[in-house]
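Same order as they appear, the protein sequences are chains U and Z.
When the count follows full-length UniProt numbering, it moves up by one through the first sequence with no breaks and lands on 621 for the last residue.
When the count follows full-length UniProt numbering, it moves up by one through the second sequence with no breaks and lands on 284 for the last residue.
By construction, these hints were calculated from the structure, which means they are not laboratory data.
Accuracy of the hints is not assured; some may be wrong.
Mimicking PhoX-like on lysine-lysine, the simulated pairs with C-alpha atoms at most 25 Å apart in a straight line are [what the hints assert, rightly or not]:
1) 184(Z) / 490(U)
2) 424(U) / 81(Z)
3) 107(U) / 142(U)
One side only, chain Z facing chain U, incomplete, derived with CB under 10 Å [said to hold, decoys possible]:
4) 58
5) 62
6) 81
7) 84
8) 85
9) 190
10) 279
All residues carry an ideal CB built from backbone N, CA and C; glycine is no exception.
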Amino acid sequence: MQPSTRNAAPTPAPPATQPLLSVEGLSVEFGGQRVIDDLSFRVHPGRTLAIVGESGSGKSVTSLSVMRLADMAGARFPTGRILFQGSQGPRDLLTATQKEMRAIRGKEIAMIFQEPMTSLNPVFTIGDQIGETLTLHEGMGKAAAAEEARRLLDMVRLPDAAQILKRYPHQLSGGMRQRVMIAMALACRPRLLIADEPTTALDVTIQAQILTIMRDLQAELGMAMMFITHDMGVVAEMADDVVVMWKGRKVEEGRAADLFATPRQPYTRALLAAVPRLGSMAGQDHPRRLPLTVLDGDHVTTVGEARVQDTADYGAAPLLSVRDLSVRFKSRTNWLGCATHQVHAVTQVSFDIHPGETLALVGESGSGKSTIGRTIQQLQEATSGRISFHGRPLSEMGAADRNRLRRDVQYIFQDPFASLDPRKTVGFSIAEPIRTHGLLDGEREIRKRVDGLLERVGLTPAHAARYPHEFSGGQRQRVCIARALASDPKLIIADEALSALDVSIQAQVINLFMDLQAERGLAYLFISHDMAVVEKMSHRVAVLFLGQIMEMGSRRQIFESPAHDYTRRLLSAVPVADPSRRSRRALLDGEIPSPIRAVGDDPAVLPLEEVRPGHFVRRSA
Amino acid sequence: MAAALSFLRSPRFRNLEFLLGASLTLVICLAVLFSDQLFPGGADKMDLMARLSPPFRTAAHPLGTDPLGRDVLARVVAGGKISLLVGFVSVAGAAVIGVLMGLISGYYRGICDIVVMRFADVQLALPFILLAITFIAIVGGSLTNTIILLIVSQWVQYARLVRGSVLALREREFILSARAIGVKDWRIIVQHLLPNLIGPVIVLLTLNVANNILLESSLTFLGLGIDPTIPSWGGMLASGRTYLQVAWWVSVFPGLAILLTVLGLNLLGDWLRDSLDPTGRTSR
């Protein structure tokens with residue numbers, strides 16, 4: 001490691017002590033296929049090592065190998081050592097038997113996983129599950145274990161710990177469950193905590209809470225952390241040291257501050273260049289298409305042009321206008337089947353989209369952003385309100401016109417793995433809108449069109465005969481885009497369309513979206529929770545909270561002078577991929593409230609005020 | 001162990017599976033179809049002097065004879081007519097009705113679903129024998145009525161299986177995205193839902209063929225089925241039961257015929273299911 005020349009480095013130099021965990025020349029094979037090759041890194045006591053990489057880089061296999069959990073999936077370890085300084089002195093975990101590992105797992109090395117929904121057993125109470133760890137490893141009695149469990153829940157700042165001990169996992173929110181998982185992991189005061197994407201499934205404000213708790217607890221308990229993540233923002237927030245992995249190999253390692261400031265390896269440079277950074281568009285009126293930094297052999301080059309995305313045509317009449325849209329679902333019913341509780345998914349939402357414009361709907365889970373998209377696409381009935389297209393309300397259209405709308409408005413879903421029929425070729429899926437609406441006659445015409453679409457999104461005509469499982473995530477999303485373009489739509493609703501993609505792929509797809517917009521004057525309704533991507537893509541932004549628009553304005557207004565508390569809170573929670581801007585913010589408290597209300601108990605709708613031309617802010621109570 | 005497992009997953013095994021399944025099924029079907037030519041009048045010819053003669057002794061009765069001196073081989077081949085007819089037709093009928101009902105009630109939900117599923121619940125609550133006795137008492141016993149009875153009592157299995165799959169599939173994004181494009185309901189059902197749920201249906205189909213061959217014999221045994229003098233595998237199995245201690249061959253050979261038929265169909269079914277699934281196709 002090189003000594004830092006920057007005096008602004010926020011992390012102290014690594015201590016001269018012995019490393020707690022030292023992986024040397026590790027390789028891992030599954031069925032003869034090498035997925036990790038010659039990997040070495042060290043974790044020092046009291047420090048956080050982040051292992052970052054895109055999907056398929058082998059970062060999760062690394063963590064599972066340290067725990068020797070990879071054995072159960074059939075892993076072999078042809079070379080290497082994993083030296084761990086346990087309480088019984090140093091030992092090589094690769095030579096330990098599974099029985100010996102069971103004594104180490106949970107007690108000396110603990111692990112938390114990505115999915116807090118599935119890593120707790122649904123039929124036991126929280127108290128039982130934490131208690132089990134304590135009685136098993138620490139040999140505590142029942143009463144002592146219960147008392148200790150309460151103390152642990154207090155430690156992860158769960159309010160009303162005594163009550164939570166009696167609850168079942170499904171009664172807790174995702175963030176609360178992840179805190180319970182952390183409490184369980186810390187029950188035996190492990191020397192090393194391995195966290196595998198612990199906040200990926202959580203909303204940003206909840207993610208910020210969890211990250212703060214983890215950082216504070218690390219300082220309190222002096223344990224080491226190994227943090228597995230794909231999110232460079234989270235790395236910048238959490239890590240002292242970073243290991244960058246790519247295709248099963250270590251590409252680069254170093255102190256977080258150095259690595260972000262002066263990445264040495266081309267891959268790291270390309271990766272960091274692809275990460276959207278919140279605030280990078282400050283001072284710009286329009287979104288910009290930016291050239292891509294790509295890895296070309298062993299050096300980086302930039303490809304593509306930079307262009308101001310000045311495509312929105314505000315002079316024209318709005319393409320889509322939504323007025324006072326409300327959507328409610330029955331949640332609980334009485335014995336007669338009448339609703340007693342309702343989910344207020346969307347409450348009195350109004351907005352316009354002009355041709356060539358990208359309007360972003362941002363918000364956390366339960367904010368109703370997807371419901372709005374689905375209602376516009378007629379996948380969902382509106383409870384009240386009006387949706388008009390080209391000035392014609394949907395409610396006045398006949399069946400034929402409504403069906404025509406399904407041609408002019410297209411929907412792209414979040415998960416490119418789930419949104420293509422696994423049993424149909426990609427060519428069939430792309431041709432489906434053309435056949436459905438009878439846009440072209442004859443198989444040859446359709447084929448030509450499909451080939452053209454595939455080429456437009458960066459694939460080749462030969463791909464048409466393949467099935468979805470033969471494609472990578474990024475390629476599948478390209479297929480979905482080609483399918484959406486097939487009927488020559490005016491508006492595309494992109495529902496978290498970039499969320500499931502690796503950052504480098506994400507950057508390519510953002511550019512594809514922008515190019516298509518410039519070419520065809522497409523309008524986008526861009527639904528996302530990712531503030532940094534929204535800042536890159538959109539002309540205007542609407543911030544949603546519990547089904548209501550809290551603030552709406554141009555991208556610049558929202559990101560540079562947010563006027564509503566919630567917007568500010570949301571922006572401050574986003575981890576920024578820059579360790580020198582690591583925020584020492586106060587802990588964000590509270591859960592996202594539930595949108596379920598009793599019938600008759602309607603949410604209050606406060607008026608929107610126009611603070612600047614085009615900038616609307618919901619008055620706060 | 002690992003080598004055996006990887007062989008079972010290899011494309012060579014898939015082809016072997018198809019070859020074995022197809023040839024078994026084909027040989028059995030051909031033999032049964034041409035039973036009259038193979039053994040003219042042989043199934044009912046009695047030779048009381050040679051009753052209960054053991055198999056593999058004489059060329060005249062290679063698989064031995066039954067208590068009435070009838071040739072077991074000839075009866076097994078002739079008995080396949082009834083058994084396969086009942087097995088195939090009842091399963092096909094039940095599957096078609098059940099899959100259709102399951103698709104409709106699962107996809108449209110609402111009143112359709114309630115009616116079909118409550119009807120199915122009532123059906124499942126009735127014991128099969130009770131249903132059989134009532135049904136045959138009203139319409140009388142015959143081959144057609146036996147088949148109808150089996151269809152009526154079994155479509156529910158398919159309907160429930162399919163409805164469950166449809167409920168899971170219809171929330172999947174590729175179905176939603178087809179709806180978002182404006183694809184008509186029947187096209188979604190035929191082109192997207194059906195191919196994605198056919199796998200388990202094929203498995204149930206092949207299992208039920210064997211089940212129905214045996215059910216037919218139970219019905220005959222109870223006097224509710226077809227004329228017991230007409231040979232069928234299930235009937236032979238049941239009548240040979242009393243001689244099992246002294247003449248095992250009377251019931252073992254019809255049993256073997258059922259086993260081979262079901263084995264052949266299962267192999268074919270597995271192969272069909274796998275070749276319909278494109279994710280398995282890459283290994284070819």
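Each hint, compared with the structure:
1. For the hint pairing residue 184(Z) with residue 490(U), the CA-to-CA distance comes to about 22 Å; that is within 25 Å, so the pair holds.
2. Of the pairs offered as hints, the one joining residue 424(U) and residue 81(Z) is violated, with about 39 Å between alpha carbons and a cut-off of 25 Å exceeded.
3. Restraint check for residue 107(U) and residue 142(U): satisfied, since their Cα atoms lie roughly 18 Å apart, inside the 25 Å limit.
4. With its C-beta approaching chain U no nearer than about 55 Å, residue 58(Z) sits outside the 10 Å limit, and its interface hint is violated.
5. The beta carbon of residue 62(Z) is not positioned within 10 Å of any beta carbon in chain U (closest approach about 47 Å), and the interface hint is therefore violated.
6. The interface hint given for residue 81(Z) is broken, as the beta carbon of that residue sits about 37 Å from the closest beta carbon of chain U, more than 10 Å.
7. For residue 84(Z), the interface hint is violated, since its Cβ never comes within 10 Å of a Cβ in chain U; the closest pair sits about 31 Å apart.
8. Among the interface hints, the one on residue 85(Z) is violated; its C-beta lies about 33 Å from the nearest C-beta in chain U, farther than the 10 Å criterion.
9. A distance limit of 10 Å between C-beta atoms decides the matter here; for residue 190(Z) the minimum to chain U is near 12 Å, and the interface restraint is violated.
10. With a cut of 10 Å, the hint placing residue 279(Z) at the interface with chain U holds, because the nearest CB-to-CB distance is about 5 Å.
The structure fails to meet hints 2, 4, 5, 6, 7, 8, 9 from the earlier list, while all remaining hints are met.
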